[in-house]
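Q: Below are the chains, spelled out letter by letter.
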Amino acid sequence: MLGYFVQRLAQAVVVVFAMSIIVFVGVYAIGNPIDVLIDPGATQEIRAKLIAQYGLDQPLWRQYLTFLVNVAQGDMGTSMVYNIPVVDLVFSRLPATLELVFVSVVIATGIGIPAGLYAGYRPDSYGAKAIMALSVLGFSVPTFWIGMLLIMTFAVNLGVLPSGGRGDLGTVLGIDTSLATLDGWSHVIMPALNLSLFKMGLMIRLTRAGMVEAMRTDYVKFARAQGLTDRQIVFSHVLRNISIPIVTVFGLELGSTLAFAVVTESVFTWPGVGKLIIDSILQLDRPVMVTYLVMVVILFVLINLTVDLVYARLDPRVRLKGGA
Amino acid sequence: MSAALDVRGLTTRFDTRKGPVTAVNDVSFSVQPGRIMGLVGESGSGKSVTGFSILGLIDAPGQITEGQVLVDGTDLRSLSPDALRRMRGKHVAMVFQDPMMTLNPVLRVGDQMAMAVRVHDRVSKSAAWDRARQALETVGIPAPAERLRAYPHQLSGGMRQRVAIATALLHRPSVIIADEPTTALDVSIQGQILAEVRRLADETDTAIVWVTHDLAVVSSLADDICVMYAGRIVESGSAEAVLSAPKHPYTRGLIDSVPARHAPGQPLPQIPGATPQLINLPQGCAFRPRCPRATDLCAMQPPQAGEAHFALCHHPLTGSQT
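Taken in order, these protein sequences are the chains called A and B. Heads up: the first sequence begins at 25 in our numbering, then just goes up one per residue. Heads up: the second sequence begins at 932 in our numbering, then just goes up one per residue.
Derived by calculation from the structure, the hints in this document are not laboratory data. Be aware that one or more of the hints could be misleading.
Unchecked claim - Reference listing, derived: stretches of chain A covered by chain B, where coverage requires no fewer than 3 residues with Cβ under 8 Å from a Cβ of chain B:
hint	segment
1	235–243
2	252–258
3	261–275
All residues carry an ideal CB built from backbone N, CA and C; glycine is no exception.
In isolation and in its complexed conformation, chain A is listed as follows:
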């Protein structure tokens, strides 16, 4: 177990390191931020001075080296646009995205897994067919379009929910969050639902497929032959067996939603990190881009590690081994 952790940690460091190089080179290739940031009327002298100040006159490898040295000292750089430390900037936006993703994942699994179980349990029923039809819609209709429809329906026509923003914040454990106030919930529920639809469709299909397959297995027949109730069979025998693919996809989806809730955040003008990264790319705010992407990589590494640990809990045949 300890060997496993050490190995995973080493892997993670390599991945983050490699990723930082790719990101750095990629961001360098996009364009010169000075062209965007500076007043077009500025003199050549001021221009040169600014370029020197950001170290942009140095060759790429030296810029990267400087970046590494700074990171080693805990300094991820300063936003060129907001002129505040990047870490502060990202972390000021992160809670908004986290709460949005959290609510959407709860909706997706809370509805998706039971619906999938039902659809797999009674695959020929009308209810199952309706669920499957909805799941197809869920991951084939573009998110932004559904988002706009939601706004049209609930904000414009019915006027029951606000169309955007984060609403009133309350403080829980020292973190400002919309989930602490009723107004905040009214703001979060629509974008969260929007964000959850794709994942919900996926969860439904995965759960259903696993359920249909599991109900045909011998161990389910054997359980039935022992007189177990269908409820016991589904919840004690089947759910545990089909949870591995569900957990895998859950982990992947959690990571990608956290990193790329961009579309939904834009549609609902949600002040999360997704919006921040889009703005940063448009304004070529290099430090923000680099920091954000490296953070996303770390996030994925952490989620994958957690998923592996959960595997080992769920399936006794999975052994976590170091080496190899």
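Add chain B to chain A, keeping to what the hints say.
A: Then chain B, alone, in the frame of chain A:
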């Protein structure tokens, strides 16, 4: 003595796309407590479906259309789904063919067995584990307490099949349906399990229906034999009578096909042809196209069942011919 299991006119039909298929056709037999009945037949003869039909575990598109299944005098077919579920495991249990697949891979053996205990008896978890441990002891598993904490993949095939048998025994059911439980095992393990089952039937007075295609197994284990062909029981009687003096040409063919009976190097006698497709059974007697004794009569009308040691045949073999 009243029979532990009495099956009367059991008929199970599958509505397939090509039409209805009668997998179990008017099957009747009974098993006394403590007796082992071998239900013998080739693949596709309907012997496994018969086993599942007895427990009422036939899923759509299949359905039991006719007949009675009396366990301890209660007709399972007259029960509500929930009442039937309560009978399963309690009064009639089943053991499956492949021990690698019958246990849930992600649950401890003890948890699975305890669940089977607690679904019928309201006992504490620890009492249920205790019962499970005793059951493992009964089937001759060494260090049962340790085995209970194991996951199925940590046990050998023979051990898993013993666990499955122990699970079936948990509630001391009157009837156990064993669906080819030794087919997937090594011969030596098979021998051990057969001896164990024979002992259990004698000691616990359980009636056992042993579904198999292996005549060698049946000859060493069963008291009575039913031979199935194309969904029907074509011959039935005491094991000794059926094996030593088979009346049905099909049974004769089966016995002759057992390799051990012949000198090495000699070609094995075979039954010509293949098991007929149930959707497209020959007119009259279903065995006719493969039968050396068939006449025009066999093509015209199906034979009728008789008494005691009967054979479903117009031209049963007599003693002198065997």
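Q: Work down the list of hints and note, for each, if the structure agrees.
A: Taking the hints in turn, this is what the structure says about them:
Residues of the segment 235–243 of chain A with a Cβ under 8 Å from some Cβ of chain B number 3, which satisfies the need for three, so the listed coverage holds. Requiring three or more residues with a Cβ within less than 8 Å of a Cβ of chain B, the coverage given for the segment 252–258 of chain A holds, as 3 such residues are present. Coverage of a stretch by a chain is defined here by at least three residues with a beta carbon nearer than 8 Å to that chain's beta carbons; for the segment 261–275 of chain A and chain B the count is 3, and the condition holds.
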